[in-house]
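**Q** The primary structure of each chain is shown beneath.
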Amino acid sequence: RKEVEQDPGPFNVPEGATVAFNCTYSNSASQSFFWYRQDCRKEPKLLMSVYSSGNEDGRFTAQLNRASQYISLLIRDSKLSDSATYLCVVTYDRGSTLGRLYFGRGTQLTVWP
Amino acid sequence: GAGVSQSPSNKVTEKGKDVELRCDPISGHTALYWYRQRLGQGLEFLIYFQGNSAPDKSGLPSDRFSAERTGESVSTLTIQRTQQEDSAVYLCASSLGGRGNEQFFGPGTRLTVL
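Residue numbers (this note's numbering), protein chains in the order written: chain A, 59 to 171; chain B, 21 to 134.
Be a bit skeptical, because a hint or two may be false.
Said to hold, decoys possible - Under the rule of at most 35 Å between Cα atoms (straight-line distance), these lysine-lysine pairs were calculated in the DSBU-like manner:
#1 B:K77 / A:K100
#2 A:K60 / B:K77
#3 A:K60 / B:K37
#4 B:K31 / A:K60
#5 A:K137 / A:K60
Read the hints as simulated data drawn from the structure, not as lab findings.
Here the structure is a predicted model, which means the values were calculated and not measured.
Work the whole structure out from these sequences, hints included.
**A** Laid out in structure tokens, this is it:
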């Protein structure tokens with residue numbers, strides 16, 4: 059079983075729609091959680107960290123459910139520029155692998171006009 | 021400031037040749053990572069360097085792959101006797117190290133093995 063699982067999509071939504079992605083992780087020792095964004099043929103870039111209390115950054119809201127071991131990302135009022143692949147990322151507190159990030163395969167989003 | 025840089029940006033090679041890919045991390049970043057991304061696929065972890073600790077090589081797919089890092093600076097990923105399945109974008113990332121630090125990615129090296 060993969061460390062981090064995501065629905066690959068694709069999600070195709072119209073501008074202005076609200077879309078949500080979920081991600082599950084296998085190891086309860088997971089410590090930190092992130093969403094990265096990767097545009098086509100570009101490198102991944104950090105979108106936002108995910109905190110236990112949930113956090114919001116403009117149109118983006120991230121939630122963490124430790125009991126169920128899943129992370130979510132909600133995008134409200136989708137823009138064309140939101141079209142990208144969204145990568146769920148976790149880290150573990152395991153000795154020599156401290157700091158290593160585990161990436162999901164990504165969920166592809168296309169926002170159409 | 022300068023981000024992570026990688027060279028070359030593109031590399032075309034013939035099957036069986038060796039290739040070297042270079043990564044210059046952000047100055048002061050103690051952690052350095054190599055990933056591989058095949059067309060349409062997710063990131064595949066290859067190797068992780070953290071300071072002077074022994075590297076985590078658990079992601080290297082075969083003994084044809086190796087990587088070195090000198091101190092907390094440049095890293096080189098070497099692929100010997102390249103195969104067509106090695107064709108991918110090789111991404112390097114660096115971070116301040118430790119738990120939960122943002123990784124900053126370089127633009128990648130696109131490797132094509134003919």
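**Q** Taking the hints in turn, state whether each one holds.
**A** Status of each hint after checking the structure:
Restraint check for K77 (chain B) and K100 (chain A): satisfied, since their Cα atoms lie roughly 25 Å apart, inside the 35 Å limit. Simply put, K60 (chain A) and K77 (chain B) have alpha-carbon atoms about 18 Å apart, close enough for the 35 Å limit, and the pair holds. Annotation: proposed proximity of K60 (chain A) to K37 (chain B) holds, straight-line Cα distance about 32 Å (limit 35 Å). Pair hint K31 (chain B) plus K60 (chain A) holds up; C-alpha atoms about 31 Å apart against a cutoff of 35 Å.
Proposed proximity of K137 (chain A) and K60 (chain A) is supported: the alpha carbons are some 31 Å apart, at most 35 Å.
Checked against the numbered hints given earlier, this structure breaks none of them.
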